[in-house]
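Trainee: Here are the chains, one letter per residue:
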Amino acid sequence: MEFPEQTLLDCYARMCLIRAFEEKLAELFSQGLLGGTSHFCIGQEACAVGVITAAREDDWLISNHRGHGHLLARGLELQKVMSELLGRSDGYCGGRGGSQHLSAPEKFFLGTNGITGGGLPIATGAALALQYRGSTQVAIVFFGDGASNQGTFHESLNMASLWKLPVLYVCENNRYGMSNPVEKACAGGRVSARAQAYCLPADTADGSDVEAVAQAASKALEQVRSGAGPFLLELLTYRHCGHSKNDPRIYRSKTEEQQMWERDCLRITRDKLLRRGIPDSRLEQLKTQAAEQVQAAAQQSLQAPFSSREETLAGVFA
Amino acid sequence: MFYSQAVNIALEEELTRDPDVFILGEDIGIYGGAFGVTKGLYEKFGPQRIRETPISENSFTGMAVGAAMLGLRPVVEIMFMDFLALALDQLLNSAGKIHYMYNGQLKVPMVLRTPGGAKGGYGPSHSQMLSSMLLGIPGLKIVAPSTPRQVKGILKSAIRDDNPVVVIENKRLYPQQGEVPEGEYLLPLDKAEVLSPGTDMSILTYSAMTPLCLAVKEAVRELGWDPEIVDLVSLQPLDRESIFKSVRKTGRVLIVEEACLTGGIGAEVSALIAEHCLDALEAPVMRLGAADVPIPSSLALEKYVLPQIEDIVKAVQQLREY
Ligand SMILES: Cc1ncc(C[n+]2csc(CCOP(=O)(O)OP(=O)(O)O)c2C)c(N)n1
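Just so you know, the sequences run in chain order A and B. Taking our numbering as reference, the numbering of the first sequence is continuous, increasing by one, and the terminal residue is 318. Taking our numbering as reference, the numbering of the second sequence is continuous, increasing by one, and the terminal residue is 322.
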């Protein structure tokens, strides 16, 4: 699918924003301003942006531990996401959730999830609720190749297929589950092949090409929305960064990493735009703008207060 | 009415009252569930409301969470409490945490019903009372009603509650009979109930140990002993006020449960009593619970592991004579 020029530019800008956001997070980590851990999606931005561009604004999103791309692609407020990661009271969850437990229902973002494979049944249940209510919305869940080895993946696909639930399963196959290469963890090596066992349609797309992702997602979503039942979309991608904050990446070669940088999704999108005659300066400007936005958000968030003890101990029950 | 019928009626009434209520679990359709508790509901409400699932506890519990987050009110049936192990991730990491960790933006109004406890012959993987395993999971309400009347009122309230509630039923209670109020009848989820007032000592108990303790009360009456039987009903939160009130009245406490003694509900209750009522105690708190042994299959052996009437009578005597 060829996007209209503006759409591709918007996608590029969004991908730049996600990249700049995580580069800023890395900086905050090294300065000791960000605690705990965080999983970056550097290299995978096209997956988030492509799928979410193809989705409706009111399709429910369910994400995993590597969710910054999904959050920002859905258009959550940058500063409120930043504050959440920095544990501040003005974050989406008041600092209770952080990166792996961030929800924004007003944006139809049900939540990121810290349990590998934990989001799959939740998304399937959300889809059950949508079907129950006769909605035309779809539930879209992002997960990794590693998560496809959890029982929840198999159980969820089976039930969604039995009951024709409106759910799009999006596997971002970045070749590794932490340090474990997909060939060593996932028999057969391909997640999409597993769909056949549960009688649901599947497709595979190049996760570094945002247009290819959007095209595959559009087709899949159309099918799901028509009432045909669930769909499994596997996106072949790569995380250039480590699994989380302190990952020396000894499980893969520098040569492999260099080769994959050649296929970086930002680079590919940029080349496309250049070929379409967009001047380099305009693209540079988008990148600069993203960095500035992120910088401003971080500055504001670092000034924000933390919740009080009283607030922290309240609110367990509805 | 049987306890199992009271559960059935509570479900039927709530399904009728609120179209957002639906139930899901294994073999709950025409088969009526492993213990016949959902009999007739499938015929009345059909496959959308009575959702028969494949054997996938982990995911159908997670699906209930997802559906509840979007506003439905799922009631999950886990066939045997031991199988809760397979659903625990979604209870622990999703259901109990979501309202808090997402800062109140979403709630999880779901119920999980499951029969715990031994009924003779079911053996190690189908007999355990895992009530205490669920303590220490913030965000869950846990109730263990012991009479048909209680289970009707409690289950209806649980379904209307905006939080995840685990309703612990008991295989040995299903065939027990009792009066059940008709129609709208709701009980609070956080209250203990004094089932039989007394003066000598407080027997704190719950689930299938409750009828046993009531029987003990009858047995020791002729000795002139008069224990007060307090059914805890709510295990999370514990109804401290009612517990302390009874302890202060009698000064002697025996806690009887079917869960393992070590780390049981009784351990928590004892600690609370020590912290808050030490001055009122005339004897050390006594506890009876399952031996720290898996429940053996043979009926002849099961009784060595679980508190029996004689054990309770003996404990009552000891406590009385302290
Ligand atoms: C149940 C569970 N097991 C293990 C972990 C630790 N862990 C977090 S992410 C991860 C790898 C997940 O791999 P994959 O699903 O492929 O996603 P990716 O990290 O590659 O995006 C692991 C092992 C976890 N969070 N939850």
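What the hints contain is simulated information worked out from the structure, not anything from laboratory work. One or more hints might be untrue.
Claimed, not checked - Residues from chain A shown here face chain B by an in silico Cβ test under 8 Å; the list is partial:
| id | residue |
| --- | --- |
| 1 | Pro105 |
| 2 | Gly177 |
| 3 | Ala318 |
Claimed, not checked - Below, computed lysine-lysine pairings styled on BS3-like, alpha-carbon distance capped at 30 Å:
| id | chain 1 | residue 1 | chain 2 | residue 2 |
| --- | --- | --- | --- | --- |
| 4 | B | Lys314 | A | Lys164 |
| 5 | B | Lys44 | A | Lys164 |
| 6 | B | Lys44 | A | Lys80 |
| 7 | A | Lys164 | B | Lys191 |
| 8 | A | Lys107 | B | Lys44 |
| 9 | A | Lys272 | A | Lys219 |
These numbers were taken from a predicted model, which means no experiment stands behind them. Note that CB positions come from ideal geometry on N, CA and C, so glycine has one too.
Trainee: Which of the numbered hints are not met once you compare them with the structure shown?
Mentor: Going through the list in order, the structure violates hints 2, 4, 6, 7 and 8 and respects the others.
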